[in-house]
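Based on the hints, put chain B in the right spot on chain A.
Chain by chain, the residues run as shown.
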Amino acid sequence: MKIYVCVKHVPDSAATITVKEKTDIEEAITFLMNPYDEHAITEAYRLKDVLPASEVIAVCVSKPDGEGTLRSALAMGADRGILVTTDRRLDPIMTARALKAAISQDGQPGLILTGKESIDGEGMQTMFRLANLLSIPAATNVISIDPQNGDVVVRCEKEGGAQEKLKLKRPCLLAAGKGLNTPRYPTFPDIVKARRKEVVQIDLKQLDLPEPDSRVDLLHLAPVIEERTPKEITGSPASIAQQIVRILKEEARVL
Amino acid sequence: MKKIGLLIEIKDGVLKPANLSMITAARTAGHHLIAILMETTTPRVQDQLATYGVDQLVTAIMEPPGWNPDRWAHAIVDVLKKNDIHTLLGLTTAQGKDLLPRVAAILDAPLVMDCVHVDIDEQMAKTSQYSGKTLATFHLSGRTILYGMRPNAVTPVPHPATPDITEHRVDTSKTTGLEVLQVASGQSGMQNLSEAEVIISGGRGLTNGDNFDLLVDCAREIEGAAVGASRVAVDSGWTPYAMQVGQTGSKVNPKVYIACGISGSIQHLAGMKTSDLIIAINLDADAAIIAHSDYFVIGDLFTIIPALTQELRKNKALL
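Chains as they are written, first to last, in the numbering used here: chain A, 1 to 255; chain B, 1001 to 1319.
Calculated directly from the structure, the hints in this document are not laboratory data.
Please note: incorrect hints may appear among the correct ones.
Far from chain A, some chain B residues (derived; all Cβ distances over 10 Å) [unchecked claim]:
| id | residue |
| --- | --- |
| 1 | T1041 |
| 2 | T1042 |
| 3 | D1121 |
Okay, derived cross-link-like pairs now, EDC-like style, lysine to aspartate or glutamate, Cα gap no bigger than 16 Å in a straight line [stated by the list, open to error]:
| id | chain 1 | residue 1 | chain 2 | residue 2 |
| --- | --- | --- | --- | --- |
| 4 | B | K1011 | A | E159 |
| 5 | A | K249 | B | E1223 |
| 6 | B | K1174 | B | E1063 |
| 7 | B | K1016 | A | E159 |
| 8 | A | K231 | B | D1294 |
| 9 | A | K48 | A | D146 |
| 10 | A | K169 | B | E1179 |
| 11 | A | K167 | B | E1179 |
| 12 | A | K249 | B | E1197 |
| 13 | A | K249 | B | D1276 |
| 14 | B | K1255 | A | E250 |
| 15 | B | K1003 | B | D1084 |
| 16 | B | K1082 | B | D1171 |
| 17 | B | K1016 | B | E1039 |
| 18 | A | K249 | B | E1221 |
| 19 | B | K1126 | A | D217 |
| 20 | A | K193 | A | D79 |
| 21 | B | K1002 | B | D1084 |
| 22 | B | K1002 | B | D1119 |
| 23 | A | K100 | B | D1108 |
| 24 | B | K1255 | A | E251 |
| 25 | A | K165 | B | E1179 |
| 26 | A | K231 | B | D1286 |
| 27 | A | K158 | B | D1012 |
| 28 | B | K1174 | B | D1078 |
| 29 | B | K1314 | B | E1223 |
| 30 | B | K1316 | A | E250 |
Output of the computed footprint for chain B on chain A, the stretches with three or more beta carbons under 8 Å from beta carbons of chain B [claimed, not checked]:
| id | region |
| --- | --- |
| 31 | 16-26 |
| 32 | 111-124 |
| 33 | 157-167 |
| 34 | 227-234 |
Backbone N, C-alpha and C fix where the C-beta goes; we use that ideal spot for every residue, glycine too.
Chain A extracted, bound-state conformation (with noise of 0.2 Å):
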């Protein structure tokens, strides 16, 4: 029985964001794991022992640098892992498709983990179509997982701090929230070890996916310029809070 777990190599959500050329950026900054796949990751190493599942297999889908990511997962707790390499920027539906073909060219899935949304495409649904492609049934923004005979019952979060209990039939897809651990980071030796752990690469054109009929296609990247002038209320508490109120009353018209 293998889980997979789909990463992905995002830029880091503290790094500048340069756009060049209308719809790219500048990619030298830092790249990392998308922070819910660590979850994910974290995740299928436990379950690894409790489901028992055989292997846990890393998968990612991205230009090369993607490996690092990969050797991220590994050392997190992976046991080997699939890059799909492209120099293409692919929409979810593409990205899906590309999963689909490397995960069932190389086993039978008993469990996918993925991360509830990427912090850079924002997209929320790659996920989604590739349970779709598969078969099988999903629950995103899981929060808890718990394997029960051939199903698995999971708690997702809803908004407001509402959960609701979901049962879904394995082979399945669950997607991590952020309640669901505490990211397992590695220590040295599994650094270490994760180099010596195997990264089969294939390019996308090997996995020879027809073109879909429908797509995403990014037209325009704009940079967001904030444009406040920030303006200073002073004075004392109460006439400050007076302040405040007519701000909220005349300007914003909450009140």
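Using the frame of chain A, we list chain B on its own:
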């Protein structure tokens, strides 16, 4: 003239205000707007939808009824197909994030979530990417097009109409391998951050969980206000994760964001910098958030927030 489906979200029998914003966003295209309801609704809800310009109301009747994201997604697909609808808008809420991508996956249709702007005729959408640092403009191609609107991205404008009201019996015999065991409600009174008009948020400066009561008391005096927290407050165990605003928390877009004792990390800003009006209250004049605010107070939130609560109560009494 296109038929545009609008996936309406009802909570506890009440129409979420964000739906009206979505109707207005779709209305600008001048097409036939069809509200898709996943449960029977009150005349009040139907009236609200009519006031904002919906041309048709279709209620999907499922047997058995009840929430199940997979069954609902298949039901929505059925409604779209039977009504020949090839454009669908929904909300980027917890429910929308559970439904829209499922519908898109079943149809293999393109979808852009958290849209701040859509052009239905041109099949284009704008949304944020890279932790709110960029605005991306996309073109969607396909037989059916899906958009997930950011709640309250557009100011709702009334446009009274007299919609046809119909029911659509959905075939839900298809089993999907996903069963809902428990739909629980969360802590009562916890306003949904992504839809709140006003958010009063606390960070490191609050120093402990009990002090958040000060913010709760203040928020209580403003209708539609919610209390949020920075990652520091959540990681320190002072507030639950559901209250976190930021890159890995909720992305919010309120009319007013009041940041108390929050330094303004990039991670936090990514979640709230599109707020219409930002007021920062901080002891530290060098806090990063100051530069991103419209108004700021260099002072002690422990005196200012109670004073604000007092003043809000006085203001209410005057009304």
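So, going through the hints one by one against the coordinates:
no. : hint                : in the structure
1   : T1041               : 20 Å, holds
2   : T1042               : 22 Å, holds
3   : D1121               : 15 Å, holds
4   : B/K1011 <-> A/E159  : 11 Å, holds
5   : A/K249 <-> B/E1223  : 12 Å, holds
6   : B/K1174 <-> B/E1063 : 11 Å, holds
7   : B/K1016 <-> A/E159  : 13 Å, holds
8   : A/K231 <-> B/D1294  : 6 Å, holds
9   : A/K48 <-> A/D146    : 13 Å, holds
10  : A/K169 <-> B/E1179  : 9 Å, holds
11  : A/K167 <-> B/E1179  : 5 Å, holds
12  : A/K249 <-> B/E1197  : 13 Å, holds
13  : A/K249 <-> B/D1276  : 14 Å, holds
14  : B/K1255 <-> A/E250  : 13 Å, holds
15  : B/K1003 <-> B/D1084 : 8 Å, holds
16  : B/K1082 <-> B/D1171 : 12 Å, holds
17  : B/K1016 <-> B/E1039 : 14 Å, holds
18  : A/K249 <-> B/E1221  : 13 Å, holds
19  : B/K1126 <-> A/D217  : 12 Å, holds
20  : A/K193 <-> A/D79    : 10 Å, holds
21  : B/K1002 <-> B/D1084 : 10 Å, holds
22  : B/K1002 <-> B/D1119 : 13 Å, holds
23  : A/K100 <-> B/D1108  : 14 Å, holds
24  : B/K1255 <-> A/E251  : 10 Å, holds
25  : A/K165 <-> B/E1179  : 9 Å, holds
26  : A/K231 <-> B/D1286  : 14 Å, holds
27  : A/K158 <-> B/D1012  : 15 Å, holds
28  : B/K1174 <-> B/D1078 : 12 Å, holds
29  : B/K1314 <-> B/E1223 : 15 Å, holds
30  : B/K1316 <-> A/E250  : 14 Å, holds
31  : 16-26               : holds (count 3)
32  : 111-124             : holds (count 6)
33  : 157-167             : holds (count 11)
34  : 227-234             : holds (count 7)
When each numbered hint is compared with the structure, no violation occurs for any of them.
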